[in-house]
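S.K.: Take the sequence shown: its position 127, counting from 1, is numbered 127 in this note's numbering, and each next residue is one higher.
It is possible that part of the hints are untrue.
Derived CB-CB ranges, DEER-like [stated by the list, open to error]:
1) Ala177 to Asp74: 28 to 36 Å
2) Val103 to Ala176: 39 to 47 Å
3) Ala51 to Ile73: 43 to 51 Å
4) Arg169 to Leu189: 16 to 24 Å
5) Gln3 to Ala23: 33 to 41 Å
Cross-link-like lysine to aspartate or glutamate pairs, in silico, EDC-like; alpha carbons within 20 Å at most [to be verified]:
6) Lys128 to Glu48
7) Lys62 to Glu48
8) Lys128 to Glu11
9) Lys127 to Asp74
10) Lys62 to Asp180
11) Lys128 to Asp74
12) Lys226 to Asp180
13) Lys127 to Asp180
14) Lys127 to Glu109
15) Lys201 to Asp74
16) Lys62 to Asp74
17) Lys201 to Glu211
18) Lys201 to Glu139
19) Lys127 to Glu11
20) Lys62 to Glu49
21) Lys128 to Glu211
In short, the hints are calculated from the structure, not lab data.
Just so it is clear, the structure is predicted and the values come from calculations on it, not from any experiment.
From the three backbone atoms N, C-alpha and C, an ideal C-beta is built for every residue, glycine too.
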Amino acid sequence: RHQIGLVVNLEPKYPATASAEDAAATLRAEAYMNRQYLDAALLGRYPEELAEIFGEAWPDWKPEEVAALRVPIDFLGVNYYTRNVTRADAASWPLRAAAVRQVHATHTEIPWEVFPQGLTDTLLWVKKRYGDVPLYLTENGAAFYDPPQAPPDGVQDPLRVAYLRDHLRAVHGAIAAGCDVRGYFVWSLLDNLEWALGFSKRFGIVHVDFESQRRTPKASARFYSKVIATNGHGLA
């Protein structure tokens, strides 16, 4: 049977401090990034914070107009890469919120913080807020430096291997807690043309020499092939 779903980028927000100001800023950022889309599609309403964020620019929606946005879906696709630690910042328009870089954390080349727990938290949040919708991880991966040409002994990418291992374990944690996760897709199979970054960042588990077009599986490809061949038992 054919299925119709929705795919969204979700980025969990965490307050930088326990202050009321940071907590409110985190709610605004989370409403703007995450709930703005899912609340409309799955609950038939917009988050209250959006009216605060946009002020007079926010339309005076009729309840029946917003309710009409709610339609059944067969699955929800989640793209997850990182989290965001948020502080209040009156100068940052329109959210009055700013990201706080976690200086002691590992970062990808983007640079995004590597935070696997955020994936577990995100999946559990979706379940709690929107119910038991079937979930797919439609994008998850990391850009780390790889040489333009593959070395004779292959492409070793231990940081990407660690990223995938830890995030797959995070998915297992969400499944153990009751999330209905049906599938997981690495971003990406090949080093590719990124919409916002061109060829400058490499996400692939297969190396691409952009001059010769030669393809070389990286260590992460060998790792992932073992994981899927054992249905995740290789994560132990």
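S.K.: If a hint holds in the structure, say so; if it does not, say that too.
M.R.: Hints, one by one, checked against the model:
1. Range check, alanine 177 to aspartate 74: about 22 Å between beta-carbon atoms, so the 28 to 36 Å window is missed.
2. The beta-carbon spacing between valine 103 and alanine 176, approximately 32 Å, falls outside the hinted interval of 39 to 47 Å.
3. Here the CB-CB span from alanine 51 to isoleucine 73 is close to 26 Å, at odds with the stated 43 to 51 Å.
4. Distance hint for arginine 169 and leucine 189: a CB-CB separation of about 21 Å, consistent with the stated range 16 to 24 Å.
5. Restraint check, glutamine 3 to alanine 23: a C-beta distance of roughly 38 Å satisfies the suggested window 33 to 41 Å.
6. Our distance criterion of 20 Å between C-alpha atoms is met by lysine 128 and glutamate 48, whose separation comes to about 19 Å.
7. Under the criterion of a C-alpha separation no larger than 20 Å, the hint pairing lysine 62 with glutamate 48 is consistent with the structure, at around 14 Å.
8. Simply put, lysine 128 and glutamate 11 have alpha-carbon atoms about 16 Å apart, close enough for the 20 Å limit, and the pair holds.
9. Under the criterion of a C-alpha separation no larger than 20 Å, the hint pairing lysine 127 with aspartate 74 is consistent with the structure, at around 14 Å.
10. The suggested pairing of lysine 62 with aspartate 180 is violated, with an alpha-carbon distance near 34 Å, which exceeds 20 Å.
11. Proposed proximity of lysine 128 and aspartate 74 is supported: the alpha carbons are some 18 Å apart, at most 20 Å.
12. With a C-alpha separation of about 23 Å, the suggested pair lysine 226 and aspartate 180 falls outside the 20 Å cut-off, and the hint is violated.
13. Restraint check: the Cα-Cα separation between lysine 127 and aspartate 180 comes to about 8 Å, which is no more than 20 Å; the hinted pair holds.
14. This hinted pair does not check out: lysine 127 and glutamate 109 have alpha carbons roughly 31 Å apart, beyond 20 Å.
15. At roughly 33 Å between alpha-carbon atoms, lysine 201 and aspartate 74 are farther apart than 20 Å, so this suggested pair is violated.
16. In summary, the hint linking lysine 62 to aspartate 74 is not supported, as the alpha carbons are separated by about 27 Å, beyond the 20 Å threshold.
17. As the CA atoms of lysine 201 and glutamate 211 are separated by approximately 15 Å, the hinted pair is consistent with the 20 Å bound.
18. Restraint check for lysine 201 and glutamate 139: the C-alpha separation of about 16 Å stays at or below 20 Å, so the hint holds.
19. For a cut-off of 20 Å, the pair hint linking lysine 127 to glutamate 11 stands: about 15 Å separates their Cα positions.
20. Restraint check for lysine 62 and glutamate 49: satisfied, since their Cα atoms lie roughly 17 Å apart, inside the 20 Å limit.
21. Taken as a hint, the lysine 128 and glutamate 211 pair is broken in the structure, with Cα atoms around 48 Å apart against an allowance of 20 Å.
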